[in-house]
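Undergrad: Here's the letter readout for the chains.
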Amino acid sequence: MQKFDMFSGRLDLPLSSDPATRLLPWIISVMVFLAMLMLAGALVLTGATSSWEKGLSGRYTVQIPPIEGESTVQVDQRINRAIQILERTPGVSAARQVPPAEVAISLEPWLGAGTSVVDLPLPHLIDVSLADRPAVNLEQLREQLGLAVKDSVVDDHGAWRRQIKELIYSLQALAGGVILLIAGCAVSAVVFATRSGIAVHHDILIVLHLIGATDNYIARQFQRHALRLAFKGGVVGALLVGATLGIFFKGVAELDPMLMPDLRFTLWNWLILLAVPVVICVIAMRTARATVLRELRRIQ
Amino acid sequence: MIRFENVGMRYGTGPEVLSDISFGLESGSFRFVTGPSGAGKSSMLKLMYLAERPSRGLIRLFDRDVSGLSRNEMPALRRQIGVVFQEFRLIDHLSAFDNVALPLRVAGMPEDIIAKHVTELLSWVGLAGQLDARPVTLSGGQQQRVAIARAVIGRPQLLLADEPTGNVDDAIAVRLLYLFEELNKVGTTIVIATHNEGLVSHFDYPVLHLEDGILTTPSRNAEI
Numbered sequence: 001m002q003k004f005d006m007f008s009g010r011l012d013l014p015l016s017s018d019p020a021t022r023l024l025p026w027i028i029s030v031m032v033f034l035a036m037l038m039l040a041g042a043l044v045l046t047g048a049t050s051s052w053e054k055g056l057s058g059r060y061t062v063q064i065p066p067i068e069g070e071s072t073v074q075v076d077q078r079i080n081r082a083i084q085i086l087e088r089t090p091g092v093s094a095a096r097q098v099p100p101a102e103v104a105i106s107l108e109p110w111l112g113a114g115t116s117v118v119d120l121p122l123p124h125l126i127d128v129s130l131a132d133r134p135a136v137n138l139e140q141l142r143e144q145l146g147l148a149v150k151d152s153v154v155d156d157h158g159a160w161r162r163q164i165k166e167l168i169y170s171l172q173a174l175a176g177g178v179i180l181l182i183a184g185c186a187v188s189a190v191v192f193a194t195r196s197g198i199a200v201h202h203d204i205l206i207v208l209h210l211i212g213a214t215d216n217y218i219a220r221q222f223q224r225h226a227l228r229l230a231f232k233g234g235v236v237g238a239l240l241v242g243a244t245l246g247i248f249f250k251g252v253a254e255l256d257p258m259l260m261p262d263l264r265f266t267l268w269n270w271l272i273l274l275a276v277p278v279v280i281c282v283i284a285m286r287t288a289r290a291t292v293l294r295e296l297r298r299i300q
Numbered sequence: 001m002i003r004f005e006n007v008g009m010r011y012g013t014g015p016e017v018l019s020d021i022s023f024g025l026e027s028g029s030f031r032f033v034t035g036p037s038g039a040g041k042s043s044m045l046k047l048m049y050l051a052e053r054p055s056r057g058l059i060r061l062f063d064r065d066v067s068g069l070s071r072n073e074m075p076a077l078r079r080q081i082g083v084v085f086q087e088f089r090l091i092d093h094l095s096a097f098d099n100v101a102l103p104l105r106v107a108g109m110p111e112d113i114i115a116k117h118v119t120e121l122l123s124w125v126g127l128a129g130q131l132d133a134r135p136v137t138l139s140g141g142q143q144q145r146v147a148i149a150r151a152v153i154g155r156p157q158l159l160l161a162d163e164p165t166g167n168v169d170d171a172i173a174v175r176l177l178y179l180f181e182e183l184n185k186v187g188t189t190i191v192i193a194t195h196n197e198g199l200v201s202h203f204d205y206p207v208l209h210l211e212d213g214i215l216t217t218p219s220r221n222a223e224i
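For the protein sequence lines, the chains are A and B, in the order given.
For the first sequence, this note's numbering gives the first residue as 1, with consecutive numbering after it.
For the second sequence, this note's numbering gives the first residue as 1, with consecutive numbering after it.
Beta-carbon label-pair distances, calculated as ranges:
| # | chain 1 | residue 1 | chain 2 | residue 2 | range |
| --- | --- | --- | --- | --- | --- |
| 1 | A | L23 | B | T137 | 28 to 34 Å |
| 2 | B | N72 | A | E166 | 49 to 55 Å |
| 3 | A | R297 | B | G38 | 29 to 35 Å |
| 4 | A | R297 | B | T137 | 32 to 38 Å |
Keep in mind that the hints were calculated from the coordinates and are not lab data.
Think of the CB as a built atom: it goes at the ideal place given N, C-alpha and C, for glycine as much as any other residue.
Bound conformation, chain A alone (with noise of 0.2 Å):
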């Protein structure tokens, strides 16, 4: 009931006629668009590298390199001994090859389609699956394989992920940064608005606290009709993000999903992203209160 009244209780000061603040919603649209669009980006493409990492984690690829003149008996032959190797190493629960079909699809985008990888030099592959424990000896495998199959390469993925991780740290501290830096904005357009208010209307303001209102009766009529401004600000920068995250979204859907990452968003991701006009709301309501009970205080 309260925060009814707080968004629907009477003002006292005519606030709504202040020249400071008929631009408001229209700075908070802008700040609460940018800031979610930013949001969206960051949580889009943390996403897809977190599908990429996750995709990655738990498994190991084996590159054996083809010998020129070698037989496909011989290449076999190879293959085999080292899938018996890894099959045979605790912590490892699956090792198959990577069809050569597969391999095909897989560079499809790039080398076209009907390409035969045979007739290129391209490593054979095997696909290891780990088991959750034990932890396989790395050092001990590679050892292992580089004897039984020479030139073998174990690549457990470590280099990549960790990029992957660095770029999703980065992406997220920049959209922390970008979105921290939007709502210093519109603290700043609150504050400077707010002020305004308070000079325009010093007259009112001295006969209200003569006739014996608080500081927080006074803060409360600056709190409501910040709250009203926040509101119709963030109601339209919010329309404007999801028309643009809709146009995005058909776009992605029309692409090759082969060329591209996961692109999707979640429940949870809408819900992220529709906290950001509940925050700039409580924001510019609490930016209001704190500008008011400061000013009041120097005033009188």
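Position chain B against the provided structure of chain A, taking the given hints into account.
TA: Frame of chain A; chain B shown alone:
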């Protein structure tokens, strides 16, 4: 109810506008504050309604030393004081109803009770048909009645009026003072600042007379 002891007051670093003011008012009393323009009547009332602080001396209101009041204690004390300001100081964008309702709203009274009290009081001061009128659309006399209604709606223990008859003719001024007299009869302490000595002579109440910021006691008080 009110006690001034050697009170002096100055605005900023200017000269004293009130010097060595000492007097006491009992609860339920009625006083005029008289004196020529610039004598310090409004300044003395400002001290009483806590708009200004004395630069020296002691002021006690409702048995409390006002110099020791914290910012948070002021509103509750101010709600016991009704003020009719010299220029009314009505809030232009609010209707007559909302102007009068303000003291009750700041006190947190429910809207249904506010509506009942305010409508009753505005009818009593002859403005039943002007509830929704903005102050700018009202005559000087009507604005004055709205200001008086705002001052008394909270049933204050102390009512202060600064030149309340300044904008009306003598006949209406006398009627207004009868209204204050009625409020005094129900226990409200009344202090009225006016430079209209003729008006004061219609009533048998003691006078606090100021000359250049100094309190003098006219002989009529002894007679009363």
